[in-house]
Amino acid sequence: MDPFKEHQQNLTRRLFFNRSGISLGSAALTWMLHNEKAQSKSTDNTTQTQTAHTDIPHFKPRAKRIIYLFQSGAPSQMDLFDFKPTLQGRRATELPDSIRRGQRLTGMTSKQDSFPVAPTIFQFKQHGQSGNWISELMPHLGEVADQLCLIKSMHTEAINHDPAITFFQTGAQLAGRPSMGSWISYGMGSANSDLPTFVAMVSGSGGQPLYDRLWGSGFLPTRYQGTKFRSVGDPVLFLANPPGINQNARRHFLDYLTELNQLKLQQAGDPEISTRIAQYEMAYRMQTSVPELTKTDDEPEHIFEMYGPDSRKPGTFASNCLLARRLVERNVRFVQLFHRGWDHHTKLPSTIRDLTSATDQPSAALLKDLKQRGLLDETLVVWGGEFGRTVYCQGRLTTEDYGRDHHPRCFTVWLAGGGIKAGISYGKTDDYSYNITENPVHVHDLHATLLHCLGIEHTQLTYKYQGRRHRLTDVAGNVLQDILV
Amino acid sequence: MVPIKQRKKLTRGCVSGLFSLFTLTSLLQGQTPTPDLTFNQDIRPILTDLCIQCHGPDSVQRKASLRLDTEDGLFSDRGDYRIVIPGNLEESELFQRLISPDEDQRMPPESSGLKISPEQIHLIQKWIEQGAPWQQHWSFIPPKRAVFPSVRNTNWIRNGIDYFVLKRLETEGLHPANEAARETLIRRVSLDLTGLPPSPEEIDTFLLDNTPDAFEKVVDRLLASPRYGERMAERWMDLARYADTSGYQNDGPRYMWRWRDWVISAYNRNLSFRDFTIEQLAGDMLENPTLDQLIATGFNRNHRGNAEGGIIPEEFAVEYVVDRVETTGTVWLGLTIGCGRCHDHKFDPLSQKDFYQLFAYFNNIPENGRAVKEGNSPPFIKAPTTDQQQILKQLELKQNQAERHFSDLRSQLSHSILQWQADAIPTAIPDGSIADQLIAHYALDDNLDESKSRTPPGAFQDGDSPFVPGRIKQGLLFNGRHYLGLGDIANFSYFDSFSFSMWVFTEPNQGGTLISRMKDEHHGSGYSVVVENQKIQVNLIQRWLDDAIRVETVAALNPQRWSHIAVTYDGTRTAQGISVYVNGKSQELIFHLDGLNQSFAVDEPFRIGGGGGLEGRFHGRVDDVRIYDKSLTSDEITILSTAESLHEILAIDPGQRSDPQIAKLEHLYLMQFAPESLTASYLTLLKTRKEYRQFYRSIPTVMVMKEQPGIRDTFILDRGQYDKPGTKVTAKIPTVFHPLPKGLPANRLGLAAWLVDAENPLTARVAVNRYWNMYFGNGLVATLEDFGSQGSPPTHPHLLDWLATEFIHSNWNIKELQKLIVMSATYRQSSYANNALRSRDPENLLLARGPRHRMAAAMIRDQALAISGLLVERLGGPSVKPYQPEGLWKEIATDTDYEQDRGDNLYRRSLYTYWKRTVNNPTMTNFDASPRETCTVIQQRTNTPLQALTLMNDITFVEASRMLGERMIKEVSGTSAARLAYGFRLATSRFPEPAEHTLLINSLSTFLSHFQENSAAAEQLINHGDHPRDETLDKATLAAYASVAGLLLNLDEVITKE
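These protein sequences, in sequence, are chains A and B.
Using this note's numbering, you'd call the opening residue of the first sequence number 1 and step up by one each time.
Using this note's numbering, you'd call the opening residue of the second sequence number 1 and step up by one each time.
For the record, the hints were derived by calculation from the structure and aren't laboratory data.
Please note: incorrect hints may appear among the correct ones.
No more than 20 Å apart at the CA atoms, straight line, and that leaves these computed lysine to aspartate or glutamate pairs for DMTMM-like [stated by the list, open to error]: (1) Lys382(B) x Glu403(B); (2) Lys464(A) x Glu143(A); (3) Lys382(B) x Asp570(B); (4) Lys115(B) x Asp55(A); (5) Lys706(B) x Asp292(B); (6) Lys125(A) x Asp113(A); (7) Lys60(A) x Glu457(A); (8) Lys890(B) x Asp146(A); (9) Lys421(A) x Asp482(A); (10) Lys473(B) x Asp496(B); (11) Lys519(B) x Asp401(A); (12) Lys519(B) x Asp445(B); (13) Lys347(A) x Glu521(B); (14) Lys111(A) x Glu315(B); (15) Lys111(A) x Asp570(B); (16) Lys724(B) x Glu315(B); (17) Lys111(A) x Asp488(B); (18) Lys473(B) x Asp594(B); (19) Lys428(A) x Asp146(A); (20) Lys111(A) x Asp723(B); (21) Lys111(A) x Asp594(B); (22) Lys630(B) x Asp488(B); (23) Lys313(A) x Glu886(B); (24) Lys519(B) x Glu615(B); (25) Lys115(B) x Asp234(A); (26) Lys428(A) x Glu157(A); (27) Lys881(B) x Asp212(A); (28) Lys464(A) x Glu843(B); (29) Lys347(A) x Glu400(A); (30) Lys464(A) x Asp36(B); (31) Lys421(A) x Glu143(A); (32) Lys890(B) x Glu457(A); (33) Lys126(B) x Glu216(B); (34) Lys724(B) x Glu157(A).
Heads up, incomplete: computed chain B residues facing chain A, CB under 7 Å, no partners named [as the list claims (entries may be wrong)]: (35) Glu308; (36) Gln708; (37) Ile711; (38) Ala893; (39) Asp897; (40) Thr998.
These figures come from a predicted structure and were not determined experimentally.
Here a beta-carbon is modelled for each residue, glycine too, at the ideal position from N, C-alpha and C.
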């Protein structure tokens, strides 16, 4: 932005603050709304030196918001999407060196004396006009196959869960960087004044643990971190009044508090106090707006039927999918669901059945529901895990049973909705679903593309920390033009 | 970049257009361009921000072979043109490229995404016009003790700090603020130095003290308080990335609190920053290090450790060293050294080679890249607390006394045995063995019923084993097909100590699973003792290969003979914790696998002769199997390995008895037949030994630094990747700095001493700046963690240097430095600012007023506990688990749950709050506490609705409100007005103004009538929280006071230091 114009605006704002004294209305927007600059200089040390993104969107956005259905633990691509019919004839044969190429393996299988090929035992079928191949494990997704853009050539750098999921979330393997939702929150701000910009929800039990930093703000100010909505207790931590305090008593409390704080404001003149007064009001509004959102009683019967029976049980993936729709309806920018349990080193056939039966119907329902409400065009939905799984068997291979180790070199994610070509398959892998043969897509590329869909040029969304401008895509990332509408 | 071509001359109009824009802007800002530019303050920031990425130290990224970060580069002669010619704007390529109308020529190029502002262009123009003076980056020039500048208002000056601050204010045409009110001042300094507010008594003492050194007395009292060490340690823990868990996805517990104790103590006993540095970085390398100096090195073991199954240990071993280099670089040098991991630093004169030379200092630790999942990862040491050291000494003393007492009776013992032997009727003497902590004994004589197992007797599976002659009476013969199942016994796991003792007889080609409690499949989980190729194998398996221990004896068993086998495990989860004895002799072991990281307990029966699959069934004879739930001592094993019965030993001529036979005889005699005095002495001896062992086992450990023998090679890693080693390097100080002083070793100790060498340009500056930030909320250098060229320049460079040199001259005296800062007139100013000053200097960089900002998370909670009277002021110790909403751990990590503490541990200071890296305590997090994943220097201060929700609704604060309410009622007898004033003063350190007082009184009556009408609600509110309420108080009254107290704890003023 032109420094002269910027200066004039600042000047106007400063006048406004001086004249209005407390300037409640404007300061109230600081947390929820993208309004960094409206906050007058204060002792909130995180507003210093970093300028706001007045230039965003950098170009016309294709989507207004994102729902990311993260499948933690890494689903098996060759049992779900990456159909390899020729493998059936190679059951139990040794994975050829020409395919394995001496690439590194995890410590769990690197000492195995044999790497027998384990073809999937599940049937695949082509669906819809697109002819997208989808496994029998996901019949509901098959119904919306024409909405999907299957990227079969995802690859990543990490081979273990923590670094890999951290990489997916933040663009770096080690902890400390902001998560993608935080970047989006920082870049775009909120479009809803009563709800957080970035909401995370967790479902599934067992399997690999998750960590708060996956939706954390890293070195960005903490106001950009994802707010985790919980299915037990308060949906947002500390949202409910303590026992014995109802909303009426709370209102009295806030009225006195505001008056006392205003006396202090008059005496001390610190604009930070007016911000605090506003934040208490915001907190009060959240006490109503969040429960309204999370109580799904008002949904009609056919909606619950669509998402499946689990959708009535708080904390399930189905219930979270329904909440995700309610959140994007209220214009929350970034909603991320984490479903645990996909880490199928052993007994893959039985465990993947459990996982798909819990997630297939609600994932498909979410797409249908968004579409019927006209929201799919402006909402980008992403589904995928942190890496893929090996074609070779971990542990004992039998006719009904096998396990698969971590495989970073190729796996499948799908995208649907806002700005993405529907009913396509992008990228190819070799006959063993082991190496990519066409159009590799790196995690940074996916990030660049997601930001692009929101109207953000990924190289321009930066934050200066420890002497350099950081960004979600580090120093890489190419927008996948081929999959954009 | 396009090659530099012959430039096009700019028209005059272009330049004047820029000028006019600049003039307009600067007028609007109410500033005039500074007449004298300095390179470091005005020009270097522009170059580093906009040019250095392509024209800087990074040789790979460098364009056009041009460097603008060095003097040589900036003034270089490029043949037909020069980059900068002092005084010559027209011929200085640098300037011409900035204003070129030709897009291909203009810098920075469009593609960089960077833009230069007209003001910045103007500054460069002025600088060239003024003769383009150049300076080395300021922070690499060692600080010089600055002379106090002359100032007009000398009355204001209290100490050296004030000269520099006042000089700047006078230059800017500003005046310092009045001194803050005494209540404000004592509250400010109490919070700053101890993290806790002053008590009303402390305030009154100060208010009534009319002596000139009244404030100094307060400061001295605070610096001497044990709470001072806690307050300082809390900040240091952020830098040291302290946590109670290891991080990464498993995020299991670790025990580093003894290191925290050390930090608290170091601050409280005012260890110099020099020793504070050396002991933490290299205490282990000092001559004859004390236990404390070893504990101090935990600093560089506080980094995360990855215990995830299947990781490649070499990859993470590199990460740990990188973390140490980055942390040490940030904490002491204030440099972003980490950039050098992958490439030459893009802005500062630090090469990738420099990085790996620093890496080499920290690369010689005998550690494994795969961390232990639950507990400390080697190397670690036992770190008894002072109390525990006392107890250990006492126990040792008691044991020694018992040893002496018993050995005094030795001659009596032999004599007594001889006498008894003569009198005894040998056939009537029952045999015996080690009975202590024996949980099962399978004699395997004739039948299974005689076994002394507490579980139902066993049963043969897949066929019966015949009873055959054994080592002691009879034993069992296994043929490799069946086994003996013994049900749910010996369900040990990896934290338990346990032992097995048994006799075995095999033919040369026989063997298999002797005993086990494991899945009956090949490589199944569980534990087993196996004979394979006549060697004894011990397996503790969670998941075969990567989560398992397997050890094997070097020596083979003699076949066709009975051998006694004893296996002990001490619960340390390492192969080191396993011992195998054959015929009473400890065996040398080979560690095949040593990566056990989880419990190996399984829901399987204890088996003799089976487990681990059909192929592994035992073939051979087994006799007399004993199970102990302790790790047997070698003395005990000696006795167990003596097969001869007491009766048989007695039959041997006393002179012919072997030592083990004598040991067994003595033991059994003393346990059963000896005169009471002898038995008592023996039992006391056994008891004191056991007490010592058990107590020693309970002593906490702490991870420490340690050098392994020899030097591990260090290589420059291509792009920082563990598997891409390049050139070999050795430990060396980065070339930009003064070298290691003569006489210092080229190791960690040398590095540590170099950091606190008086010549070091950065350490003292970085340290004093951080302390300054604790008090003023800003550093003199705003970027506390970056003193490099991308960091902020100091607002008061001379002050920074003066403080740094004072710090060094005081022999790095930390308390003295704190005192110097808080005694200054600068610090004592009121924080009030009028609108004019606030808009002139919103961030208080000029220091024309005192600090005012929101407190950090720990201080907010600690203050609430303190003013409600709940705070438990116990110094040091293990971490505690205060309130936290239920289920937070479980919902994202199924196998762990937060077990909240009860009682005192709910009310300890926040630096003791259990810190789980992957799920932080939300009360802390909502107020910007660092997640402690990596070294964090700057505490953020955001202002969010989540903070409002926390203060209003978190049980921590709701309970504190109720207790504060009780204090108001109970500690003041009188009117509600007086009570409210008291409560207000507890919270703010001052009495309420009339308007405030009226509001409090009104609010009380509102709440009172509300709760009088809703007595159930009142009861609910005042019963919230673990601390019992005073039942004698009227419920509605207490609820009303609790609500007003809640108001107080939510006040902006209360959570703000001003």
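We went through each hint and held it up to the structure:
Proposed proximity of Lys382(B) and Glu403(B) is contradicted: the alpha carbons are some 25 Å apart, above 20 Å. Only pairs whose Cα atoms come within 20 Å are accepted, and Lys464(A) paired with Glu143(A) is rejected, the gap being roughly 45 Å. Restraint check: the Cα-Cα separation between Lys382(B) and Asp570(B) comes to about 15 Å, which is no more than 20 Å; the hinted pair holds. The straight-line distance between the Cα atoms of Lys115(B) and Asp55(A) is roughly 14 Å, inside the 20 Å bound, and the hint therefore holds.
At roughly 14 Å between alpha-carbon atoms, Lys706(B) and Asp292(B) fall within 20 Å of each other, so this suggested pair holds. Proximity of Lys125(A) to Asp113(A) is assessed by CA-CA distance (about 34 Å); at most 20 Å being required, the pair is judged violated. Proximity of Lys60(A) to Glu457(A) is assessed by CA-CA distance (about 11 Å); at most 20 Å being required, the pair is judged to hold. Of the supplied pair hints, the one linking Lys890(B) and Asp146(A) is violated, its CA atoms being roughly 38 Å apart against a limit of 20 Å.
At most 20 Å may separate the alpha-carbon atoms for a hinted pair to count; Lys421(A) and Asp482(A) meet this at roughly 8 Å. Our distance criterion of 20 Å between C-alpha atoms is broken by Lys473(B) and Asp496(B), whose separation comes to about 32 Å. Between Lys519(B) and Asp401(A), the direct Cα distance comes to roughly 18 Å. Compliance with the 20 Å bound is thereby established for this hinted pair. Proximity of Lys519(B) to Asp445(B) is assessed by CA-CA distance (about 27 Å); at most 20 Å being required, the pair is judged violated.
Proposed proximity of Lys347(A) and Glu521(B) is supported: the alpha carbons are some 16 Å apart, at most 20 Å. For the hint pairing Lys111(A) with Glu315(B), the CA-to-CA distance comes to about 17 Å; that is within 20 Å, so the pair holds. Of the supplied pair hints, the one linking Lys111(A) and Asp570(B) is violated, its CA atoms being roughly 28 Å apart against a limit of 20 Å. Distance hint between Lys724(B) and Glu315(B) is fulfilled; the C-alpha atoms sit about 11 Å from each other, no more than 20 Å.
As the CA atoms of Lys111(A) and Asp488(B) are separated by approximately 33 Å, the hinted pair breaks the 20 Å bound. Only pairs whose Cα atoms come within 20 Å are accepted, and Lys473(B) paired with Asp594(B) is rejected, the gap being roughly 38 Å. Proposed proximity of Lys428(A) and Asp146(A) is supported: the alpha carbons are some 19 Å apart, at most 20 Å. Between Lys111(A) and Asp723(B) the alpha-carbon distance is near 18 Å, which keeps this suggested pair within the 20 Å criterion.
For a cut-off of 20 Å, the pair hint linking Lys111(A) to Asp594(B) stands: about 15 Å separates their Cα positions. The suggested pairing of Lys630(B) with Asp488(B) holds, with an alpha-carbon distance near 18 Å, which does not exceed 20 Å. Restraint check: the Cα-Cα separation between Lys313(A) and Glu886(B) comes to about 19 Å, which is no more than 20 Å; the hinted pair holds. At most 20 Å may separate the alpha-carbon atoms for a hinted pair to count; Lys519(B) and Glu615(B) meet this at roughly 13 Å.
In summary, the hint linking Lys115(B) to Asp234(A) is not supported, as the alpha carbons are separated by about 47 Å, beyond the 20 Å threshold. Of the supplied pair hints, the one linking Lys428(A) and Glu157(A) holds, its CA atoms being roughly 18 Å apart against a limit of 20 Å. A hinted pair counts as satisfied when its Cα atoms are at most 20 Å apart, and Lys881(B) with Asp212(A) qualifies at roughly 18 Å. Note on Lys464(A) and Glu843(B): the hinted pairing holds, with a Cα-Cα distance of about 19 Å set against a maximum of 20 Å.
Note on Lys347(A) and Glu400(A): the hinted pairing holds, with a Cα-Cα distance of about 9 Å set against a maximum of 20 Å. Proximity of Lys464(A) to Asp36(B) is assessed by CA-CA distance (about 29 Å); at most 20 Å being required, the pair is judged violated. At roughly 17 Å between alpha-carbon atoms, Lys421(A) and Glu143(A) fall within 20 Å of each other, so this suggested pair holds. A C-alpha spacing of about 38 Å is found between Lys890(B) and Glu457(A), which places the hinted pair above 20 Å, so the restraint is violated.
Between Lys126(B) and Glu216(B) the CA atoms are separated by roughly 48 Å; this puts the pair beyond 20 Å, and the hint is violated. Distance restraint check for Lys724(B) and Glu157(A): the Cα-Cα separation of roughly 15 Å lies within the 20 Å cut-off, and the hinted pair is therefore satisfied. Taking 7 Å as the C-beta cut-off, the interface hint given for Glu308(B) holds, the closest approach to chain A being about 5 Å. Taking 7 Å as the C-beta contact cut-off toward chain A, the hint placing Gln708(B) at the interface is violated, the least distance being around 22 Å.
A least Cβ separation of about 27 Å between Ile711(B) and chain A goes past the 7 Å threshold, and the interface hint is therefore violated. Contact between Ala893(B) and chain A, as hinted, is supported at the beta carbon level, the nearest pair being about 3 Å apart and thus within 7 Å. Hint status for Asp897(B) relative to chain A: violated, with the closest Cβ pair at about 12 Å, above 7 Å. Interface hint at Thr998(B): violated, since its Cβ lies 10 Å from the closest Cβ of chain A, which is beyond the 7 Å cut-off.
The structure fails to meet hints 1, 2, 6, 8, 10, 12, 15, 17, 18, 25, 30, 32, 33, 36, 37, 39 and 40 from the earlier list, while all remaining hints are met.
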